[in-house]
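Residue numbers (my numbering), protein chains in the order written: chain A, 10 to 140; chain B, -8 to 122.
Treat the hints with caution; some may be incorrect.
Derived CB-CB ranges, DEER-like [what the hints assert, rightly or not]:
| # | chain 1 | residue 1 | chain 2 | residue 2 | range |
| --- | --- | --- | --- | --- | --- |
| 1 | A | I121 | B | P47 | 24 to 32 Å |
| 2 | A | L136 | B | E51 | 16 to 24 Å |
| 3 | B | I60 | A | W132 | 41 to 49 Å |
| 4 | B | I18 | A | A133 | 31 to 39 Å |
| 5 | B | N45 | A | G28 | 40 to 48 Å |
The following residues of chain B were derived to be distant from chain A, with all beta-carbon distances above 10 Å [stated by the list, open to error]:
| # | residue |
| --- | --- |
| 6 | E11 |
| 7 | H16 |
| 8 | W33 |
| 9 | L99 |
| 10 | I103 |
| 11 | A112 |
No lab work stands behind these hints, which were simulated from the structure alone. Glycine residues also receive a C-beta, built at the ideal position from the N, C-alpha and C atoms.
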Amino acid sequence: MAITNERPLSPHLSIWRWGPHMLVSILHRVTGAGLTILGLAVLTWWLAAAAEGGESYETFLGFATAPFGLLILVGLTWAFYQHLLSGIRHLAMDSGAAFELTTNRRFAILTIVGSVVLTALTWAAFLGVFE
Amino acid sequence: MSLGDSASPLGKVRGIGSAEEGGGHWISERVTSIALIILGVWLVVSLLLLPDLNLPTVREWLGAPSGAIPMTLLVIISFVHGLDGMKVVVDDYVHETGNNFALNLILLFLAIGGASIALFALARIAFGGNA
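The following block holds chain A by itself, in its conformation from the complex (with noise of 0.2 Å):
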């Protein structure tokens, strides 16, 4: 007998009806991808050019305020927040509390409406908005 790796597998994914909750935990993982990936990459990339000095920070300028580049601090910005908020939600649920269908969802749906109005205030104070 061969050793597969055909494990038992229950049906997730395809049988929920979609909730906050269900969105922020997929939320969480695309967020947490996307920090790793992409913004681990581009806080690598300005503290090399800050070390290079000249036309590397220059390029790295260029890149930050660009309208493609901003595009991609602000996402970033907005991931930052998703994924604290949601992973304070997790370490809160690790403890076993917040498990009840109502606070759950309460709080699910605290995340995405926290992490889009802190993105809207960082940016507006980074902008000069508030002064």
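We have chain A already, so just place chain B on it with the hints.
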């Protein structure tokens, strides 16, 4: 089964069960996540407090211990946390042993390589003497 029928029941289950390392990985994800709540908020607040993001400002900020030390921690811990998280995603979706091993190895090399570039850049800014 490749071990043959002469293997004892214990011998048959050895090697196809838990690697007994899942707990450590799970805890590492949580501990680094708590550290990143602090360091993530530090990064956003620091960036907002800087008067601009021009080269001299950034070098002065990251050249002083108050900027260099948290940024060093942020780089190390976010690469560890990102690698922990990506491993969960890879293990969830890539079941074929060879592909799983290859992908995890690539991610490990990328994480160590990326972190080294970022840390070396920080060292250059702090000790490079470039004004």
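Taking the hints in turn, this is what the structure says about them:
1. A:I121 / B:P47: 24 to 32 Å: Given about 39 Å between the Cβ atoms, the range is violated.
2. A:L136 / B:E51: 16 to 24 Å: Distance hint for L136 of chain A, E51 of chain B holds at roughly 22 Å.
3. B:I60 / A:W132: 41 to 49 Å: For I60 of chain B and W132 of chain A the Cβ distance comes to about 27 Å; the hint is violated.
4. B:I18 / A:A133: 31 to 39 Å: Since I18 of chain B and A133 of chain A have Cβ atoms about 38 Å apart, the given range 31 to 39 Å holds.
5. B:N45 / A:G28: 40 to 48 Å: holds, 46 Å
6. E11: Label holds. Min Cβ-Cβ 19 Å, cutoff 10 Å.
7. H16: Answer for H16 of chain B: holds, closest chain A Cβ roughly 14 Å.
8. W33: holds, 12 Å
9. L99: It holds; L99 of chain B is separated from chain A by about 13 Å at its closest Cβ, greater than 10 Å.
10. I103: holds, 12 Å
11. A112: violated, 4 Å
Violation of the numbered hints given earlier is confined to hints 1, 3, 11; the remaining hints are satisfied by the structure.
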